[in-house]
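When you get a sec, could you build the whole thing from the sequences and use the hints?
Those sequence lines, one after another, are chains A and B. Here the numbering used here is used: the first residue of the first sequence is 71, the next is one more, and so on. Here the numbering used here is used: the first residue of the second sequence is 71, the next is one more, and so on.
Read the hints as simulated data drawn from the structure, not as lab findings. The beta carbon of each residue, even a glycine, is placed where N, CA and C say it ideally should be.
Each computed EDC-like pair below joins lysine to aspartate or glutamate, with the alpha-carbon atoms no more than 20 Å apart:
| id | chain 1 | residue 1 | chain 2 | residue 2 |
| --- | --- | --- | --- | --- |
| 1 | B | Lys159 | A | Asp114 |
| 2 | B | Lys159 | A | Asp99 |
| 3 | B | Lys182 | A | Asp119 |
| 4 | B | Lys159 | A | Glu214 |
Footprint (simulated), chain B over chain A, 3 or more residues, beta carbon under 8 Å:
| id | stretch |
| --- | --- |
| 5 | 110-117 |
| 6 | 133-139 |
| 7 | 159-173 |
| 8 | 257-265 |
Protein chains: 2
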Amino acid sequence: MPSTNDLPFPVPAGRFDQKQEMFKRASWDEKIRPLAARFYREVDYREDDGYRKIDYALRNASWNLEWGAALGNSRSNSGLYAWEGVPAKIQHFVETGGPVTQTPAAMSRAIKAAAGFFGADLVGICRLHPNWVYSHEYNLITGEHYPLEVPAGCDRAVVMAVAMDYEAMRSAPTGVGGGATGLGYSQMAFVANLLAAFIRGLGYRAVPCGNDTALSIPLAMAGGLGEASRMGLLITRQFGPRVRLCKVFTDLPLARDRCRPFGVEAFCRTCKKCAVHCPSHAIPHGEKTTEGPSLSNQSGILKWYVNPENCFSFWAANRMDCSTCIRVCPYNKPGGILHAIVPAVSRRTSLFNAFFAWLDDRLGYGTEVAPARFWGRF
Amino acid sequence: MPSTNDLPFPVPAGRFDQKQEMFKRASWDEKIRPLAARFYREVDYREDDGYRKIDYALRNASWNLEWGAALGNSRSNSGLYAWEGVPAKIQHFVETGGPVTQTPAAMSRAIKAAAGFFGADLVGICRLHPNWVYSHEYNLITGEHYPLEVPAGCDRAVVMAVAMDYEAMRSAPTGVGGGATGLGYSQMAFVANLLAAFIRGLGYRAVPCGNDTALSIPLAMAGGLGEASRMGLLITRQFGPRVRLCKVFTDLPLARDRCRPFGVEAFCRTCKKCAVHCPSHAIPHGEKTTEGPSLSNQSGILKWYVNPENCFSFWAANRMDCSTCIRVCPYNKPGGILHAIVPAVSRRTSLFNAFFAWLDDRLGYGTEVAPARFWGRF
Numbered sequence: 071m072p073s074t075n076d077l078p079f080p081v082p083a084g085r086f087d088q089k090q091e092m093f094k095r096a097s098w099d100e101k102i103r104p105l106a107a108r109f110y111r112e113v114d115y116r117e118d119d120g121y122r123k124i125d126y127a128l129r130n131a132s133w134n135l136e137w138g139a140a141l142g143n144s145r146s147n148s149g150l151y152a153w154e155g156v157p158a159k160i161q162h163f164v165e166t167g168g169p170v171t172q173t174p175a176a177m178s179r180a181i182k183a184a185a186g187f188f189g190a191d192l193v194g195i196c197r198l199h200p201n202w203v204y205s206h207e208y209n210l211i212t213g214e215h216y217p218l219e220v221p222a223g224c225d226r227a228v229v230m231a232v233a234m235d236y237e238a239m240r241s242a243p244t245g246v247g248g249g250a251t252g253l254g255y256s257q258m259a260f261v262a263n264l265l266a267a268f269i270r271g272l273g274y275r276a277v278p279c280g281n282d283t284a285l286s287i288p289l290a291m292a293g294g295l296g297e298a299s300r301m302g303l304l305i306t307r308q309f310g311p312r313v314r315l316c317k318v319f320t321d322l323p324l325a326r327d328r329c330r331p332f333g334v335e336a337f338c339r340t341c342k343k344c345a346v347h348c349p350s351h352a353i354p355h356g357e358k359t360t361e362g363p364s365l366s367n368q369s370g371i372l373k374w375y376v377n378p379e380n381c382f383s384f385w386a387a388n389r390m391d392c393s394t395c396i397r398v399c400p401y402n403k404p405g406g407i408l409h410a411i412v413p414a415v416s417r418r419t420s421l422f423n424a425f426f427a428w429l430d431d432r433l434g435y436g437t438e439v440a441p442a443r444f445w446g447r448f
Numbered sequence: 071m072p073s074t075n076d077l078p079f080p081v082p083a084g085r086f087d088q089k090q091e092m093f094k095r096a097s098w099d100e101k102i103r104p105l106a107a108r109f110y111r112e113v114d115y116r117e118d119d120g121y122r123k124i125d126y127a128l129r130n131a132s133w134n135l136e137w138g139a140a141l142g143n144s145r146s147n148s149g150l151y152a153w154e155g156v157p158a159k160i161q162h163f164v165e166t167g168g169p170v171t172q173t174p175a176a177m178s179r180a181i182k183a184a185a186g187f188f189g190a191d192l193v194g195i196c197r198l199h200p201n202w203v204y205s206h207e208y209n210l211i212t213g214e215h216y217p218l219e220v221p222a223g224c225d226r227a228v229v230m231a232v233a234m235d236y237e238a239m240r241s242a243p244t245g246v247g248g249g250a251t252g253l254g255y256s257q258m259a260f261v262a263n264l265l266a267a268f269i270r271g272l273g274y275r276a277v278p279c280g281n282d283t284a285l286s287i288p289l290a291m292a293g294g295l296g297e298a299s300r301m302g303l304l305i306t307r308q309f310g311p312r313v314r315l316c317k318v319f320t321d322l323p324l325a326r327d328r329c330r331p332f333g334v335e336a337f338c339r340t341c342k343k344c345a346v347h348c349p350s351h352a353i354p355h356g357e358k359t360t361e362g363p364s365l366s367n368q369s370g371i372l373k374w375y376v377n378p379e380n381c382f383s384f385w386a387a388n389r390m391d392c393s394t395c396i397r398v399c400p401y402n403k404p405g406g407i408l409h410a411i412v413p414a415v416s417r418r419t420s421l422f423n424a425f426f427a428w429l430d431d432r433l434g435y436g437t438e439v440a441p442a443r444f445w446g447r448f
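What follows is the structure in structure tokens.
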């Protein structure tokens, strides 16, 4: 079992059963099922921008690689996230010449070059702690519930972030913002699928995953991609929480990255902008706790626990997903030198955090932008 | 039948049988089959950069969405290029509310906003001339040969270009350059699949295609994406020939774009850099003709005909695809103001074309860059 001594954040004492996750409960839990029906099947198109049929068409189409070919939100090890297999056409490229052997450091550089080329905006490498793997999977296609294990030896993780579209996300929680989310999911499947093919082509095993199989956030933290936050999502230095995560587990020997905290915890303690703007009061205003408010939380670790039931209630009322917390987070910026100054300072001192959060608000960052900006005159 | 009077380039008098296309002949033509075997199945990894196992792994993985899930190079109407169907989850989003109706101009703007969002770098809209549709398809999976028709009414085409990676393409004709090509094919499938899902979500039919079903280059020319060239590929103003094309046919009423020639023909007459650098002498140095040199050409139109048999011979000898013509073309530039000046001038006058072509060479553009630039120390 890999040592956790080098991780500056706690690892859960046990594994999480994915059956308890909100979108699985939407299938089997009578408390949540009505919300899912409103969210997915009782949609009324409205006249207001962001909720017209065209907005739903954009949101749904953005998801199409995930919903149509990847299915990582429904189960593991299928579609573009299949754990084995290469096209027959290239079978002999894998079989001949033996595995590529180089130092783990050189292998990590190559993996990062390839992942970036395929479209990953951030790439980190870490060990897969066994407790980050779900104990069980609830298969949304078959309704089956069964124990889950990653293939033996595949204990290195390549964790990747794809940035979601800044402009579209400014229109959260409408269909245009939902398009940014869906596109992120489709890109996750694209990138993980290609990177897994690359690793297999080097002669090693590769297990590509979206949200399935294991917790993405601690993996991303361990791989140096960012920090946990008040809103429960990973905050990256480059894009704030405006990323989606995917990962590939492999038996290819790789050099690991380090955790790189940059002051998010202290900033979140002061800022609270996500908690203030959350339309469903799903994000806590208070201190960290060791106990989450619902069945879908993995309690036992000191952190900010969101309330996924409240969150999903708003999705149902909104007839669309949300992402307001991502939109309003001061770390969600489009890039540029000016926007790099605040994280550079707050990484070193928390003295100005209250001022930064106040300034962010005063400058109008995080304000919802009308979907007309995306569609133009339509 | 749509009028062709508004097209400033000739339309073929008949339709082309895709069985004659080089990659189909690689399956059935005894003259070409040995080349395909060398290209695909007799690969020896070499020690030199760009031909190691890692380079093949990159090239192959880049293709994985096409080879593993799209299959547009093997047949039409399958995988990510299926002509019908939406995920069950969103069936009711399509069925309720009726089709979205707006002016063709507004519909075109929306299609372009969505296509750009999904990852298309250029988008144009035109009518599909029936003679651009292949008369027959040769199915690489089953070996069947059958007539092909686009569904009735789907006579509007949305043509999209995805730009290939400039830096990787500088290492053509190695595996790193081949990676840029393969990634382009995977992105074609991604973008066409999502755009087709979007159009279906609006309540219309959508037929997504890669290289299958119809000739992409005249479609792209008619849609205003660029011009034909000496090397036979489309030249765009923004990326030169460094693009891949895909298209979606639909019955959604759309406003058309116009052809926008920008001086490529005159430039190609003078430049000849692609013909000089082509390792297989597949690109003509001389004037346009009305007759192509091989079975794979569609003769009958005055243009520069490449020799696909020569081209593919080099692929077989190289054990890798090529793209040297794309790399050396003076229109292939990474963007920026300086690089926009030359096309802006040559669009208006051909007086300086010889000087521009000479200067391009003197400045070292198009020189092959070692794959080490991509991989770093590996």
